[in-house]
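S.K.: If you want the building blocks of each chain, they are given just below.
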Amino acid sequence: MSALPYLPTDLWAILPELFLTQAALGLLIFAAVTKRESEGLVARLSLLSLGVTLGLLFVSASMSGTLPREVFAGMLTLDRFGIFFKVLILLACAATILFSLRFVGRSPYPGGEYYGLILFSAVGMLFMVSGTHLVSIYIALETMALSQYVLAGYFKRESKSLEAAAKYFVLGAFSSGILLYGLSLVYGAAGTLSLAGVASAFASPVRPVFLVVGILLVACGLLFKVASAPFHVWAPDVYEGAPTPIAAFFAVGPKLAAYAIFARIFFVGFGPGSGDWTPILAASAALTMVVGNVGALLQSNVKRLLGYSSIGHAGYALLGLLAYKTDYGLWAILVYLVAYSLMTLGAFGLVILLESKGYAGESVDDFNGLARKNPLLAATMLVFLLSLTGIPPTAGFIGKYFLFSAAMKAGWFWLTFLAVLMSAVSLFYYFRIARAMYLVEGEGTLHWREEPAVSAAIAVCLAGTLAMGVLPQPFVRIAQTCLLR
Amino acid sequence: MNGLLSLLIFLPVAGALLLLFFPREKAKAIMWVTTVVSGLEFVLSIPLWLEPSFRTSGDFFFRETVDWIPSLGAKYALGVDGIAALLILLTTLLTFISVYSSFTAITKREKEYYAFLLLLEAGMVGVFCALDFFLFYVFWEVMLVPMYFLIGVWGGPRKLYAAIKFFLYTLVGSVVMLLAIIALYFFNTTGLLWWRGLGNAPTFDIVHYHAIASQIPLDLQIWLFWAFFIGFAIKVPMFPFHTWLPDAHVEAPTAGSVILAGVLLKMGTYGFLRFSLPICPDASGTLWVQTSVVVLSIIGIVYGSMVAMVQPDMKKLVAYSSVAHLGFCMLGFFALNTAGLQGGILQSVNHGLSTGGLFLLVGIVYERRHTRMISDYGGLSSVMPIYASLFMVILLASIGLPVLNGFIGEFTILVGAFLANWRWAVWACLGIVLGAAYMLWLYQRVFFGEIKHDENRALEDVNLREILTLAPLIVLCLWIGVYPKPFFAMTAKSTEKIVAAVSAPRRATAEAAHAAAATAATVITVAPAAAAAPEAGK
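For the protein sequence lines, the chains are A and B, in the order given. Throughout the first sequence, residue numbering follows the working numbering, covering 5 to 489 in sequence. Throughout the second sequence, residue numbering follows the working numbering, covering 498 to 1035 in sequence.
In short, the hints are calculated from the structure, not lab data. Among the hints, erroneous ones may be present.
Unchecked claim - These stretches of chain B come out as covered by chain A in the derived footprint (C-beta under 8 Å, 3 or more residues): (1) 567-573; (2) 650-659; (3) 670-682.
Even glycine gets a Cβ: it sits at the ideal position worked out from N, Cα and C.
One chain only, chain A, in its complex shape:
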């Protein structure tokens, strides 16, 4: 027993991840030996395994005794914070699969590996959010990212898809390198890479200069992952070029995981002792909000517009990180990310349902007159747009309220002021879609298909967006119990 650096019971803590890895491998082999006819089955089995993994999360939590619990010598920690993110990530993956059923099914590309890759990247994300050691976080991050590079270029004869994959890969690898270099400097300063060790090493008042550089580089790497300025340029191109369900996935899944490690590394590791890193993040947040929201004003392609809007939202979420010293900061991020996931997935889902011009061609004008042709779809889209703008009674308002109040509480007044102004700006481009749907006479080119899977996913997002807007208490309460302490 003593030969192992960990207890066998530690395995309980990673039961969901273990299961999901096996399921993904099995499905990959199953898809390889069967023909394309079994593709639908593979998709359903992927959904099923995500569902089982979701259940196993709670099994493993209850088997692990009191939380938080460090396992594998501090490489991972099982805590409510991680479980909160894991649930969201699994739901986002499930929504992506629902979005993909028909989209991939009628494409000329075999879907077996596609679903396998989604599951693999889910495994990476699950490990990311429970990682409490910079090495385990980094490895999980790469696991996630490698699957996603492939997914971005999955439609390999579409030049836009290839372009997206190439950009994502080159910039992603570059940013991973920066992150890794930053980690090595942190190691040099702290002599350890476990977050708790880093935190206690930084408690001493003497801080070498290269530590500051290290933190700066880690921040740059992470800012790339959440698509914050000035590391955002890949996002609109990738969202436009990647298959639409994958764009929806990129806008939510990896961002959730990236915010989780961002919060963990900066709140726990670099939190109290490592000097003031907030000016870096504040500058990035300000730039991100402006670039994202102003950039979106100029877009006519809906996917690019949503890409820029998600950059803007990344900027808002950084406000929560800046408020790390108050109870509100992390709470706000959690609440906000729930809202963000619901509304972003919903909006992308409608774009998938309404796809008209083939690959990545939707312009805002295609929405013209949708309210006349299909009032239900138009009203659903309207709710998501209101939520993205942050108008009550929708989830987006609750999320933004929390972020803005967290930033105010932490004293970032000028940044909050900028943020509220930028959300007023965002009204302008979100409501270009609303305007096209309701106000513009004439016919757009959109057609919708009966796709029960996509509609079901959208319906869940819609119900969630409204429920969280009207009765936020349960959501807010759960988030409050899942903080990092």
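Given the structure of chain A, go ahead and fit chain B onto it with the hints provided.
M.R.: Positioned in the frame of chain A, the structure of chain B alone reads:
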């Protein structure tokens, strides 16, 4: 009558949902259902008028409180005082009239139109009922969406521009107001920036904030005041934030203009009464703050009137006259005495009645001729005599002729302004003169003289339905003009509370004492006159 306010908020929502089940083609049925719902809503709001407590106390009645977001301390808290009750009555009446007046004006997408109108009503009533900041903010924003669509779908040629301009302006104002709400929230609990908090339990309860107003330091009050000011002044709208108003008014359909002028602008003035004055009383009484607001009000009065004078478009003329009228209301409020406030509130109501009426009247000829240009009319009094006389009554009410409501409001405001600073009153009088000029000139050009356009010879006079939509407004204009006492009585007690708050002795900190010295001239001279002032209006 517990639950009355909830009923008033959710009845229109239920009505809007009910409309969704009607097939699009059944436009008639949709109209009548909406009429019944909005009529019922008005009837249900009448107990607010009959309630005697408003006349004896400035507290909030019809209260309802349910926990909503306990983690934040936000509650679903409703309650009204006399001011809010009066504005709710105005809302339900004007919505009913707007629905009834839309029968022939709206000929496309009726189902959505009436549904949005009802949702708008729910939002407006909610704003006046909310006693919780969070809830207030929700209603305040919710109401923008239906108004955006009312302007954008059923509006005039530049509707797209006007709709988004309306939305953007008000949204900018409200998000800045949200910052003030958040700041207040943290000041009440653990503190914010360098301001040490009061350590109370987190809450958004507006009554609580009224109670702690005197503990808010002056510098924070001034920040809060200006943040609220941006939110409310855009809504009112005060100069220089008024530019959305003419666009929105001109492009909106008639009913939209009526509600916009009659109720939406009143939310701005209501905001000043409910939040700015009672929560930032020391800031409001600070001389430079008070003077700035008054100067902007006076600019609004004079500039609005002068711009109204040169408008070729009747609706635009009425829109700019709104800027002037609302300038009067704001001048009254920031005289910071009973007469000014009482007059300002009454003038808010008056403006809803007379400007709402003017928009209805313009809508009537617009439906017949599809133009609002003054130069396209002339000599209408001979072809539409009843219309001409109805127009005359409402127009005179708007000018402020004695025996009609406008006179009472403006006179009381002028008394208040005179007590505060006689120079203000002089400038405001200039506005009254200009008001009479542009209105009468409008009347002359539209109704008198030769008929210049042959299309106008065959114009039908107003029909029974149109008379019925205008009749309640005219009756109320006369009632307020002849016997305003019940209206003043509704608002007297609440007004006294506000005046007491803003003229309370300043705290003995050096900064506050300094401010008090600066404002002593305005506040102290007002105090003895305050008691006698409402008598002047009666």
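S.K.: What are the numbers of the hints the structure violates, in ascending order?
M.R.: none
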